[in-house]
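Engineer: These protein sequence lines are chains A and B, in that order.
As numbered in my numbering, residues 1 to 322 make up the first sequence, in order.
As numbered in my numbering, residues 1001 to 1752 make up the second sequence, in order.
It is worth saying that the hints were derived from the structure and are not from the lab.
Here a beta-carbon is modelled for each residue, glycine too, at the ideal position from N, C-alpha and C.
Some hints here could point you the wrong way.
Only some residues are given here: those of chain B computed to face chain A with a beta carbon under 8 angstroms [unchecked claim]:
#1 Arg1071
#2 Gly1148
#3 Val1152
#4 Thr1531
#5 Pro1538
#6 Pro1574
#7 Gly1578
Simulated crosslink set (DSS-like; lysine-lysine; CA at most 27 angstroms straight-line) [as the list claims (entries may be wrong)]:
#8 B:Lys1456 - A:Lys169
#9 B:Lys1359 - B:Lys1389
#10 A:Lys169 - B:Lys1561
#11 B:Lys1064 - B:Lys1242
#12 B:Lys1466 - B:Lys1456
#13 B:Lys1418 - B:Lys1359
#14 B:Lys1418 - A:Lys169
#15 B:Lys1418 - B:Lys1504
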Amino acid sequence: MPVTVEIPKERWTGSIREVTLGATAEQGGTRAKTVTVGGETTLPFLHFEGEMPHTPIVGIEVQDSYPADWSPVLLAAWGDVLNDPAAWAKKAEEIGADVIMLKVRGADADGNATSPEQAAAVIQSVLQATGLPIIVRGPGQAELDNKLLVAVAEAAPGERLALGLCEDKNYRTIVAAALAHDHLVVASSPIDVNLAKQLNILISDMRLPLERVLMDPTTGALGYGIEYSYSVMERLRVAALTGDGMTQQPMVCFVGEESWRQKESRTAEGVPAEWGDIEKRGITWEIATATALLESGADIVVLRHPETVDVVHETISKLMAH
Amino acid sequence: MSRYIATRALRGANLIVKEFDAQLQKALAELGPDKEVQFTNTAYYLPTILGYTGMSVETIGGLKPVLDHCRGLLHSPPENRTWLPYLGETLDAGVATLLAEEGIMAIRFANGQEPQRMPGLELTGTSAPSDTGYMNGPIDDIQLRSWGIQLVDGRMPGFAAIIGKAKTNEAAVEIVRQLQRRNILIFLSGNVNGRSIIHQLMEEGVEMGYDTYIVPFGLDTISTVYPMGFATRSALTFGGMKGGQTREILLYNKYRVFAFALALGEVDDLKYATAAGAITYGFPVIADTVIPEIRPTGITQYEHVISMPWDDIEGQTDAEKAARFVQQAIEVRGVKIKITEVPVPVPYGSAFEGERVRKADMRVEFGGKYSRCFEYLRMVGLDDVEDHKIEVIGPGFEDVEEGGAIDLGILVEVAGRKMQEDFEPVLERQIHYFINGASGIQHIGQRDIAWIRISKGATDKGFDLKHFGEILYARFHGDFGAIVDKVQVKLITEPELHAEWLEKARTAFDYRNQRLAEMTDEAVGEFYSCTLCQSFAPDHICVVSPERLGLCGAYNWLDCKASFQINPTGPNQPIPKGNAIDAWTGVFDNVNEFVQQGSHGAVDTVTMYSIMEYPMTSCGCFECIMMILPMCNGFMIVSREDPSMTPAGMTFSTLAGMAGGGLQTPGVLGIGKYFIISNKFIRADGGLKRIVWMSSFLKETMAEELKEAAIRAGDPDLIDKIADERVATTEDEVLAFLEESGHPALTMEPLM
Ligand code: SF4
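Modelling step: build the complete structure from the supplied sequences, incorporating the hints.
Structural biologist: Below, the structure is given as structure tokens:
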């Protein structure tokens, strides 16, 4: 006897905000194209239940100077371009990045501190080298971030860069710079629904439209607290879909940074033989982390290894097919 | 509204609009209507005009509608007999004045007369065509953005527009230095009988220009319109407004741009008129001469116009007077000063909080066995505190032998427009953490049983009594700036004064205790939420009332109230109680609604005073866990400090797994230990008389309080009738003990 099973559907009342990165010449910038993320009216990839109008996108991380501290697997994969952020960004675009994530490290491999002027020069050269929208992150120390990101914002007025990390400690300066020079911000809070929400409130209190705010819930890598990230992101998404206006920002996850920091992605020696080949292991680690975070609601995953980019793109297009 | 001010402002406005008219006609004739008008490097046209009217003026001809607009705003000066106290007309006149002034500036630009020439003036950093021989002229957009970021993020508290001439050159320098010290931008314009503060600063060799945050605009009052244009553009740039959104632009300035005007020297009609314009932005005016004041608030956040005649300001020197003058201006505007560093000669940070100073390493101690030390924080009026005044009254510890002790009293006096007497204990409790943050200093206790040790290492580095003051000053401003505007500290060692203040402090402590005791749930309109623990217990929410503190013991109702003032978007939000659904068990409709939302639908009803019916959930931070003992017809309370087996057959840590996690389990409850002595303690289930077993730790550490609670419960010997881990670790043993001691629970109504 044939049985008709009705698939239960959740009726969500809220939706994720649409956020557009980059600005074309017409819009006051110089980008060849812009990308829009967000707009979901259901949990990730539940196409039978609601809409996912924009495909989640892939960013590739580029650093402003040679990343001597990176895993040998990554250094080998990228080769010479690592010495030149412009060439690196160009290659990233060729490989298939949807956006570039430029990280300004704060100091070069020899320990020389980066000046605001240097940060400004780097963003200009990367803007020239690629037509993609750009996310720019500072070194991650509030005061240094302020100094360098303000210079970056000023050097690229109207480009609609996404400036980060904009945290509890320094959000005022980053938001002010975004307001002054027409950019977006990446609001970052430490794996906590209420803190993420509070930061969004504070940012919108400063009158930056929420259409210019991405949210970084802070993520852990596979094996390093990813289930915690998953649960927080899921709760943020559920809150957003149930109509909580202050949690409806698209989410960006810095997957490459987290996943390549772990021992499993870095160490070839002194580990059990059954861990297998270091290269394959590192890439798998990044893919697994990225996929899990996409499933928990990431709109942008920022990656490091060229091979991961291909696989993740393919995964996304399969998940989007319906 | 003072009629005097109204009259003079209206007169000034009429005059300047007439002047604008004359100059405009002349310019139309000489330069023609198509001649361009433009300020230096700005995308905001003539910004004040743009902001107020939405007109993008690009040519001389474009100024004609501006003139019409000005005329529409003008009213004739009030006549003696028909005058009504009407602020609106004066403010309109102020607006007309600013528009006319900016129009005149535009014409001057077209004539090549702006920025004004000023022989001998050198600027370090300017928008003027050259850095020598010119006033600055309007600030260009690049500088606006760069300062704007700092104004918006709070590194720069605000700007001061100084108009006129200071009483003396020394006064001029001191006023400017006082402002610079606070990172406040300084804009200069105007004169008195031809002499301007710009002359005074030039004569004294004060460096001016963007780099020193001092911007000279011009020798006339008209130049004051540049700061107003700067303010308007701030709102357009950082507030995302468009020209013509007048109300939004003005409110943005009122609430976000902390600017004020200092009128130095005689105030003429045009200055009154310009000041009226500044007031529309919410910028108050502080004069150093005798002028009528406008004290009531409204358009500005606090007072509108304040008069502080220079000669009447307290102080021996112009420097002292300047400090007071500027302080007053800052208060009237409500500018908040940020202090990021604690200026002490030893390392400082919360990492040092747990440090101990052993007797052998100790230079000197206050309190403990050999001396008395108290700390007392009180709220006083704004005029009774001199911000950052730190006094050591009496001898220092130089003459005390090594390892010795002397009496010390720490008296902290705070003032703030948002400060409340109820916050005194909340703030006072912080003294412990603040002082402990200094490396080499140990602080124990509070109130009149404080005990502080300074190590030899710290005194070797130069740590002194006054540094306690510096720490407290910096930290209270830094952490409680939202409620505290001014802080002064007295460190009292002088014996007579010490005794006197100790007495006063004790009276205050008694008063506070009493006030706390009187503070009941019925007496307040709102409870507070705490969602701090949602980071690990996502659906848990503590409802904190005067008679029930948070289950961690760290947050009582007053703490939550203060925390909400400091951080209005934070984890402590007021919950208006609403209607009592059941007053006895403590169910309120609004509380339920709040908990429903806060728990994301997991909990829809919660009682404040019951463990059996819809008890409050627990995150895991509880100081104590309560659990029903069915055979005994009562409850046990085990404290976190007690590792022993309980009659429930589980230890604290096993029980914690059951009680935590945000679940509602009737018969199990996590509590802060002071809830036990509250009159509302599980009132619906029979109160303290239902307690049949309690960790001896609680009995001992809270002996006094428990005894009083027992008396209030009508059974003075109750505590002795309650079993503890020394006499009973199984329910049978508890029951046997209860029967012997004659515990009331055995004859109470059955729980189940
Ligand atoms: S346990 Fe304490 S910190 Fe946690 S939510 Fe309750 S009151 Fe707040």
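Engineer: All hints are to be evaluated individually against the structure, with a verdict given for each.
Structural biologist: For each hint, the structure was consulted:
{"no.": "1", "hint": "Arg1071", "in the structure": "violated (34 angstroms)"}
{"no.": "2", "hint": "Gly1148", "in the structure": "holds (6 angstroms)"}
{"no.": "3", "hint": "Val1152", "in the structure": "holds (4 angstroms)"}
{"no.": "4", "hint": "Thr1531", "in the structure": "holds (6 angstroms)"}
{"no.": "5", "hint": "Pro1538", "in the structure": "holds (6 angstroms)"}
{"no.": "6", "hint": "Pro1574", "in the structure": "violated (16 angstroms)"}
{"no.": "7", "hint": "Gly1578", "in the structure": "violated (22 angstroms)"}
{"no.": "8", "hint": "B:Lys1456 - A:Lys169", "in the structure": "violated (35 angstroms)"}
{"no.": "9", "hint": "B:Lys1359 - B:Lys1389", "in the structure": "violated (32 angstroms)"}
{"no.": "10", "hint": "A:Lys169 - B:Lys1561", "in the structure": "holds (23 angstroms)"}
{"no.": "11", "hint": "B:Lys1064 - B:Lys1242", "in the structure": "holds (22 angstroms)"}
{"no.": "12", "hint": "B:Lys1466 - B:Lys1456", "in the structure": "holds (16 angstroms)"}
{"no.": "13", "hint": "B:Lys1418 - B:Lys1359", "in the structure": "violated (42 angstroms)"}
{"no.": "14", "hint": "B:Lys1418 - A:Lys169", "in the structure": "holds (24 angstroms)"}
{"no.": "15", "hint": "B:Lys1418 - B:Lys1504", "in the structure": "holds (24 angstroms)"}
Checked against the numbered hints given earlier, this structure breaks hints 1, 6, 7, 8, 9, 13; the rest are met.
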